[in-house]
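Please build the complete structure, drawing on both the sequences and the hints.
Listed below, chain by chain, are the residues.
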Amino acid sequence: MTAHNVVAAPKSRAEHVQKVSASCGVEAWLVESYAVPLISLEFSVRGGASQDPAGKEGLANLLAGTLDEGAGDLDSRAFHRAIEDLAIHLGFNADADSLSGHFQTLSRNAPQAFQLFAQALNAPRFDEDAVERVRGQIAAGLKREAFDPETMAGKAFRKAAFAGHAYARPTRGELSTVESLSRRDLGALRARVFARDNIKIAVVGAIDAVTLASRLDALLSGWADKADLVATPDTEIASVGARKVVDLDVPQATLRFGRPGLAKADPDYFAAVTVNHILGGGAFTSRLFNEVREKRGLAYSVYSQLHEYDHCPALLGAAATKNERAGETLDVIEAQCRELSEAGPSAEELDKAKKFLIGSYALRFDTSTKIASQLVRIQLDGYDPSYLDERNRRIEAVTLEDAKRAAKRLLGDGRLLVAAVGRPEGIASRG
Amino acid sequence: MESIAAISLTPNVAAPAPAPAAHAATAVSHFTLENGMEVVVIPDNRTPVVTHMVWYKNGAADDPLGKSGIAHFLEHLMFKGTKANPQGAFSNHVAELGGQENAFTSYDYTAYFQRIGKEHLATLMRFEADRMNNLVLTDEVVLPERDVVLEERRMRTDNDPSAQLDEAVQAALFSHHPYGTPIIGWKHEIETLSREDALDYYTRFYTPENAILIVAGDVEPREVLALANETYGAIPARAEPPARRRPKEPPPRAERRVTLSDEKVEQPAHERLFTVPSYATAEPGEAEALEVLAHVLGGGPTSVLYETLVEEEKLAVSAGAYYLGSALDDSRLYVFSTPAEGVELETLDAAVDRVLARVAASEPGAEALQRAKTRLIADAVYAQDSQVALARWYGEALATGLSVKDVASWSDRIDAVTAQDVRKAARKWLDKKRSVTGFLLPVTNAAA
Numbered sequence: 001m002t003a004h005n006v007v008a009a010p011k012s013r014a015e016h017v018q019k020v021s022a023s024c025g026v027e028a029w030l031v032e033s034y035a036v037p038l039i040s041l042e043f044s045v046r047g048g049a050s051q052d053p054a055g056k057e058g059l060a061n062l063l064a065g066t067l068d069e070g071a072g073d074l075d076s077r078a079f080h081r082a083i084e085d086l087a088i089h090l091g092f093n094a095d096a097d098s099l100s101g102h103f104q105t106l107s108r109n110a111p112q113a114f115q116l117f118a119q120a121l122n123a124p125r126f127d128e129d130a131v132e133r134v135r136g137q138i139a140a141g142l143k144r145e146a147f148d149p150e151t152m153a154g155k156a157f158r159k160a161a162f163a164g165h166a167y168a169r170p171t172r173g174e175l176s177t178v179e180s181l182s183r184r185d186l187g188a189l190r191a192r193v194f195a196r197d198n199i200k201i202a203v204v205g206a207i208d209a210v211t212l213a214s215r216l217d218a219l220l221s222g223w224a225d226k227a228d229l230v231a232t233p234d235t236e237i238a239s240v241g242a243r244k245v246v247d248l249d250v251p252q253a254t255l256r257f258g259r260p261g262l263a264k265a266d267p268d269y270f271a272a273v274t275v276n277h278i279l280g281g282g283a284f285t286s287r288l289f290n291e292v293r294e295k296r297g298l299a300y301s302v303y304s305q306l307h308e309y310d311h312c313p314a315l316l317g318a319a320a321t322k323n324e325r326a327g328e329t330l331d332v333i334e335a336q337c338r339e340l341s342e343a344g345p346s347a348e349e350l351d352k353a354k355k356f357l358i359g360s361y362a363l364r365f366d367t368s369t370k371i372a373s374q375l376v377r378i379q380l381d382g383y384d385p386s387y388l389d390e391r392n393r394r395i396e397a398v399t400l401e402d403a404k405r406a407a408k409r410l411l412g413d414g415r416l417l418v419a420a421v422g423r424p425e426g427i428a429s430r431g
Numbered sequence: 001m002e003s004i005a006a007i008s009l010t011p012n013v014a015a016p017a018p019a020p021a022a023h024a025a026t027a028v029s030h031f032t033l034e035n036g037m038e039v040v041v042i043p044d045n046r047t048p049v050v051t052h053m054v055w056y057k058n059g060a061a062d063d064p065l066g067k068s069g070i071a072h073f074l075e076h077l078m079f080k081g082t083k084a085n086p087q088g089a090f091s092n093h094v095a096e097l098g099g100q101e102n103a104f105t106s107y108d109y110t111a112y113f114q115r116i117g118k119e120h121l122a123t124l125m126r127f128e129a130d131r132m133n134n135l136v137l138t139d140e141v142v143l144p145e146r147d148v149v150l151e152e153r154r155m156r157t158d159n160d161p162s163a164q165l166d167e168a169v170q171a172a173l174f175s176h177h178p179y180g181t182p183i184i185g186w187k188h189e190i191e192t193l194s195r196e197d198a199l200d201y202y203t204r205f206y207t208p209e210n211a212i213l214i215v216a217g218d219v220e221p222r223e224v225l226a227l228a229n230e231t232y233g234a235i236p237a238r239a240e241p242p243a244r245r246r247p248k249e250p251p252p253r254a255e256r257r258v259t260l261s262d263e264k265v266e267q268p269a270h271e272r273l274f275t276v277p278s279y280a281t282a283e284p285g286e287a288e289a290l291e292v293l294a295h296v297l298g299g300g301p302t303s304v305l306y307e308t309l310v311e312e313e314k315l316a317v318s319a320g321a322y323y324l325g326s327a328l329d330d331s332r333l334y335v336f337s338t339p340a341e342g343v344e345l346e347t348l349d350a351a352v353d354r355v356l357a358r359v360a361a362s363e364p365g366a367e368a369l370q371r372a373k374t375r376l377i378a379d380a381v382y383a384q385d386s387q388v389a390l391a392r393w394y395g396e397a398l399a400t401g402l403s404v405k406d407v408a409s410w411s412d413r414i415d416a417v418t419a420q421d422v423r424k425a426a427r428k429w430l431d432k433k434r435s436v437t438g439f440l441l442p443v444t445n446a447a448a
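Protein chains in written order, with the numbering used here: chain A, 1 to 431; chain B, 1 to 448.
Partial list, computed: chain A residues near chain B (C-beta under 7 Å):
no.	residue
1	84
2	284
3	367
Treat the hints as calculated values from the structure; they're not laboratory data.
Backbone N, C-alpha and C fix where the C-beta goes; we use that ideal spot for every residue, glycine too.
This is how it looks when you write it as structure tokens:
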């Protein structure tokens, strides 16, 4: 029995990853394991909502929603029944930068399951009634969230942060744009992004390299060689220091905040990861957790994170507090950013952050689906499997001086772009 | 429209899945310490990681009258430290060891868990055993945390009309039993919860004989038992395990409808909840029949509700059902749908009636029955990929009156459900008198 202990060997995680090259030219990363009779596959193609043509916002999302609504000679109902008969997990998702898919099957059903998956990828029918049905579901979702404070805050934040850029546009579109999407639009987008030079793919489970190579050929040999993508320009979070208040009659104000982050390729990136952990990344240990929640009882949820837009490194965060204490909460958050920027973290804080980040890396690899998704992420970021070993060494190498420098670069004067939804006292729109 | 089966100490953690699983493939060990604490060890040798959980057999349904929310509030307060390990010491230590932690409260249980490298298991057990017996609370930490819980309630419920409807529907469904009270508590009662209330509740329920230890991961059962004896075993037994005496719900006799209109609603929604037996209260085979029934009726895009209301009649854009079988007392089966553009909820309501009547009148086809069973049983195999999922299922089962054997035999029992069982369950339990229907509506001019 081969354990899929990508995390087991303290010496090397990377050595458990096989690069499998299919004749069609696509390379997949495989972790072969027979401990559980399952196969998990995850893939991602560049070109999510950022590829939606103007006025057709929501197209990538609709494509993700319709790929499993009938394919080949199976209409929507027949396709769903075939999936259920084999108890396959299959789904697609679009975000700002990419369209991804996941697929999981019991290994005993692998041949038929891969065949259905191939049909969804290569021969989606986009039948009129199925497209209408999914369109109706997306529209209902948009309406359901029309007055959801978190959705509204995210939207207001993106609008101010990314004015004029693709990232300002809603991934799932607006009611009016979703209405305008056609079957032909779906086919056109699919043809542009489903290309062999544009896919990252990882497989974990009960399958060997030779079998996987032949399955990949069956899945992908019909795809175009090259994707036809509209370039997304690099951008930076704008309007730092601005306040965007959206009025909503609710007792609690929902805050989204952010400022520019550091790119993954930046030499200070890993130092910035430790700084973010200290600021608002650590669930029970961060400064924001201690100052906003633990000491003052201002919020249930408060955090920050380094966000992974492909073309905009960002530090993003959120909190929710009753309207009466919204201004106070924001003051505490900005003061924490300023303080960390000015004085930097303490040696003890940095040491603890590094220990957590290094020790907890293993927890990202304890299920097949999590391993597959990590391996795709690493490929999207342009790394080799050696990153699996390199990553903790890079964290370990961060010095106090590095962290102080990264804190200054990341947090600057501590000012934030803030979107607030509710009736927040002490926060007024500006900028 | 998911109901909240459990709520967590911090956001971004998935609530436990509301379905049991079978897990016969791996050898699960089950012990009882001398002080009465149960121990379950689930081997998963794929990665050198361990999941450590302590479940207490008490939850929101055990909140004393007038003290709703105390089980959940205490869960937050369990992070406030002990004499030996003051506030933050446990969490800081877990973080330094690269571990992740959280806690959650449901109606029938409260649980604390960490995921960490296996070499740190003994450390976790020492800390967790310490806070089973030695919690220290002062007003200085209790009062700000009560504000945190009130913010949590605002976020989950007071800011969200559909959550408010759900609260009202549950309250109507359980007119007497505490499942009708929200887990987080009513706002006016949370506001009065004190340090003394928390300590009283802690003293009553946080005892070894009321606790279950679940360890899943790359561990040897004998070693876990030895560690458990050293740590949890050192806590003296208090007495008999605390009895859970909850007021019993009278037989439902009237169908009920609850309507909520709000300016913040743009998309109407329909839900119907039935009181039905749980795995713990059902006659043999009945809960399994309800599980299969819920799946045939509303488990995904091949279900009767979806194919009828969404695909054929085009009255809804989504429709489904699920059975919340893991509960100590009689539980609920949910039917939910979202109307298509321009369809009145009354029209959809009548259509739901028709589908339910049909399911009660005729047996499911052989293919549909097999499809539902295949999916339910396969999901138990998929669960073997996640030690957290397995640990949660065992914990949930044991905390709601089931045994390790019950979990192991679940797949076989699901497989044994016949078409006749499904129809009988539908006829008996999907009786409208047993239900509450919830309408979520925008504010119309007529109503304004």
